[in-house]
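Can you build the whole structure from these sequences, using the hints too?
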Amino acid sequence: MGRGPGLLAAPDGVTLSGMVKRILALIVIMFAVPVIVGGFGDPQPVADFVFSSTAEHNNRDPQQMTYLHDIRLTHALFETLVILDFNDMQTYPGVAESWEISEDGLTYTFHLRDDARWSNGDPVTSHDFIYAWQRAMLPDTAAGYGHFMFFIKGAQDFFRWRTQQLEEYVKSLGSTGSEQAAREYWDEALKKFGEMVALSAPDERTLMIKLNRRTEYFIDMLAFATYMPVHAESVQASVIFNADTGRLLYDPTYWNDADRLICNGPYILKDRKYRRYNYLVANDYYWDRASMKNSSVLELIVNNEQSQLLSYEAGDIDYVPGVIPEIAFDLIKQDRDDVHVVPMAGTYFYNFNCLPELKNGEKNHLADWRVRRALAMAIDRDEITKSITRLNEDPAYSFVPPKALSFYQPPVEDGPHFDPEGARKLLKEAGYEGGKGLTGLTIMYNTNGGHENTAQAVKNMWKTHLGVDVTLEGVETKISSERARSQDYTIRRTGWYGDYADPTTWLDIRRSEDENNTTKWKNLEYDKLLDEAADASDPKERLELMRRAESILLKESPMAFIYHQVSVELYDPDKVKGLNLNGWSRVRFENISVDREAQ
Amino acid sequence: MFRLIFWRLLQFPLILAVIFVVTLLLAWVVPGDPLSTDDGREVSPEIKAAMMRQYNLDRGPVYFGLSYLKGVALGTDRAWPDFGPSLTYQDERVSGIIGDSLPVSVMLGSAALAVALLIGTVSGVIGALRPGGLTDLSSLGVALIGISLPNFVTGSVLLFVFAGLFKLFPVGGWGSPMHIILPAVTLGIAPAAYIARLVRLGLADIMSSDYIRTARAKGLSRHTALFEHALKVAYLPVLSFMGPAAASIMTGSFVVEKLFNVPGMGEHFVNSVINKDQFLILGVVLTYSTMLVVFNLIVDVAYAWIDPRIELV
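If you're matching them up, the sequences are chains A and B in order. Going by this note's numbering, the first residue of the first sequence is number 56, and it counts up by one from there. Going by this note's numbering, the first residue of the second sequence is number 406, and it counts up by one from there.
What the hints contain is simulated information worked out from the structure, not anything from laboratory work.
Some, not all, of what chain A presents toward chain B, calculated at C-beta under 8 Å:
hint, residue
1, I78
2, L81
3, P98
4, Q99
5, N113
6, Y122
7, H202
8, R302
9, R331
10, V357
11, N358
12, N359
13, S362
14, S366
The C-beta atom is built at its ideal place from N, Cα and C for all residues, glycine as well.
Here it is, written out as structure tokens:
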């Protein structure tokens with residue numbers, strides 16, 4: 056083999072053998088298959104502003120969505136009655152150009168602007184809003200945030216009525232159900248909706264809403280995704296009646312089909328490729344089109360954190376709305392001015408099971424508030440944020456993050472501050488001197504997201520300061536929430552982000568009967584104060600009542616707050632203008648401009 | 406050969422039925438609530454009950470399984486066949502998700518197999534030409550490294566060197582031929598090493614067998630003996646390896662797809678189970694098993710094509 060391994064060069068004058076030919080053919084086929092199957096797909100579009108997301112969207116139906124990344128994108132496509140600016144916490148006119156609220160705070164009248172248009176040119180009418188909200192109230196839709204509609208008078212009763220009606224359908228018709236029968240039931244439900252729910256449209260441009268009770272923050276709620284309008288005509292065209300159950304179902308693919316989806320926001324969905332990108336271009340019918348600072352937005356879906364960072368560094372992504380802690384820590388260390396640590400409207404904490412008895416029938420030591428507070432007092436939060444999480448988080452001494460709402464200051468002074476001496480005293484009072492007898496405690500955490508390190512640190516602190524031994528248990532997220540629901544735990548890591556700009560978005564979830572109160576902490580005084588706050592007509596008094604309620608929560612510590620979450624986001628302020636980061640992950644794309652020449 | 410295809414096709418539904426039942430039961434007993442969100446927000450019990458009913462999750466696995474099969478066999482008012490909705494990606498149908506991601510994985514997988522065959526065959530033959538020689542040893546070394554290195558290491562190194570340092574390839578993503586090269590090489594290296602060893606061992610064995618020695622004694626050149634006669638036989642084990650390998654590579658690799666941000670099937674195998682997305686679990690498992698059975702059949706046919714003397718029973 057003087058010429059080296061001339062494998063394909065027909066060595067020694069031998070022609071290429073049949074066998075080699077066949078193997079070559081096999082390889083060529085393998086190469087050819089891909090091109091035949093699907094080509095290489097389309098190249099991604101070019102846009103004025105490019106941001107990234109690490110996951111494909113879970114739901115694009117405004118009435119059904121619950122995930123932050125879904126809500127963020129959808130605000131670009133649909134415009135609500137009013138717009139809540141999360142930077143100055145002010146409400147601005149959206150589709151509604153003006154509104155009145157009655158003296159008793161129960162009746163809202165909105166006047167829709169003349170030039171509000173759908174992307175097909177149709178005017179946005181009050182009926183589009185009522186139609187959309189009706190969808191959110193239907194048990195058929197099973198909207199995750201459907202209970203946000205229950206502020207409206209009659210909404211919850213209608214939900215229950217329709218639920219019952221559907222049960223009756225199955226019982227009385229069974230297998231003899233038909234699309235026709237389902238339609239008849241629906242017609243009856245429509246009539247009921249008109250009678251029961253206090254929503255009315257005196258004309259195309261006026262919308263009237265009556266509430267169950269005074270709700271100070273209802274105007275802010277109207278800026279939430281569940282309250283977005285939809286184009287009634289085209290959505291109605293995607294309705295299917297299910298003969299077996301009598302339910303009215305919407306074709307979910309309407310929401311991701313660029314050809315069918317009709318929007319009223321600053322942008323329309325021009326194109327999307329599953330798990331690759333969403334491409335939005337300016338909606339020419341948008342009433343405020345002239346003030347928009349860009350004409351297209353591209354959301355790149357990059358499910359790998361490393362390549363997201365590399366693409367950002369290469370200039371392919373203008374804005375990264377959050378990186379994982381492992382990467383964030385490195386970036387913060389580099390002291391770059393394109394790395395932004397944004398305090399979020401969220402709190403990271405440990406739930407304590409407050410029931411007198413544990414799932415296995417044993418006595419629950421955590422039912423005594425002194426034990427819970429002592430545990431909370433023995434956590435050195437500064438140490439955790441400085442040497443474990445290391446992202447400049449604020450240590451938490453309250454449930455409502457102090458930076459989240461400019462008008463509400465939580466009673467931080469009542470929170471369990473780090474005080475090992477006081478904690479030991481309190482534990483002794485409760486009958487567990489030196490941690491004796493305080494056994495069977497386990498910190499349960501979900502295994503994705505680096506919660507183990509914090510749990511380990513807390514475990515050590517409790518051992519050192521209180522002499523209490525706890526074990527650690529990492530489980531999957533779904534299992535953790537399932538066990539929380541059945542109180543099958545003693546201590547559980549969790550967190551809470553606010554949904555709307557009011558303290559109740561946090562405080563309400565510790566009401567005795569709230570479905571999110573998995574601690575089963577029950578304090579009637581707390582419930583009463585929140586009820587009084589809800590009814591208070593004076594905004595100042597309302598906030599004061601809520602402060603008093605939060606003080607009770609902090610004293611009794613059904614949970615140990617650790618820190619207020621941050622999000623580490625990337626964009627170059629010299630290049631990207633008009634992107635105001637806030638703690639609610641809400642981005643107003645229409646205000647953003649990118650100067651690609653700037654460096 | 407047609408009898409073989411006929412019998413295999415007859416077994417086909419039976420195999421799928423068994424896989425369906427086992428998968429359904431396993432998916433049902435996986436702990437966790439498919440409809441809960443990651444941030445632990447609880448929906449009100451009424452709405453929860455409505456959601457469960459909407460997806461037929463409230464009436465046990467038997468009812469669920471039958472209504473699923475009904476949808477697949479007879480279709481629904483939406484589509485035929487209807488593999489149901491995804492519980493995680495609620496505005497997608499499972500058939501849509503698979504329809505979007507399977508071609509990507511098949512494309513990447515085919516390219517990876519081509520890489521594997523090319524590298525594997527060439528280095529296997531080189532090794533066999535001079536058994537024990539320098540080329541043989543170095544090809545053995547490369548093969549060993551290829552087999553031992555996990556693909557997230559190979560992939561990361563390739564990514565760092567060729568995309569990060571030299572900027573020859575895009576960092577990740579999908580949409581052009583350039584996007585396919587690095588992940589295909591990453592995915593193809595391990596099977597390439599395996600093929601190289603199979604070819605090299607097979608050739609060495611056959612080259613020292615009696616009939617090759619006789620042929621060489623009669624004046625046949627070493628190359629003719631190798632390429633015309635030995636390679637044919639030595640290649641058969643490679644083919645039987647290719648069947649299952651093709652099915653598993655073409656249905657996607659979680660690690661490689663994640664590393665190179667490829668929107669393929671791999672992710673669904675892992676995430677559908679974590680999310681307890683019963684419809685998607687059933688969809689991807691049935692897709693995978695179908696491909697496995699089909700590829701095994703193709704391999705048997707290819708056997709006959711490469712070496713017509715082989716009689717299949």
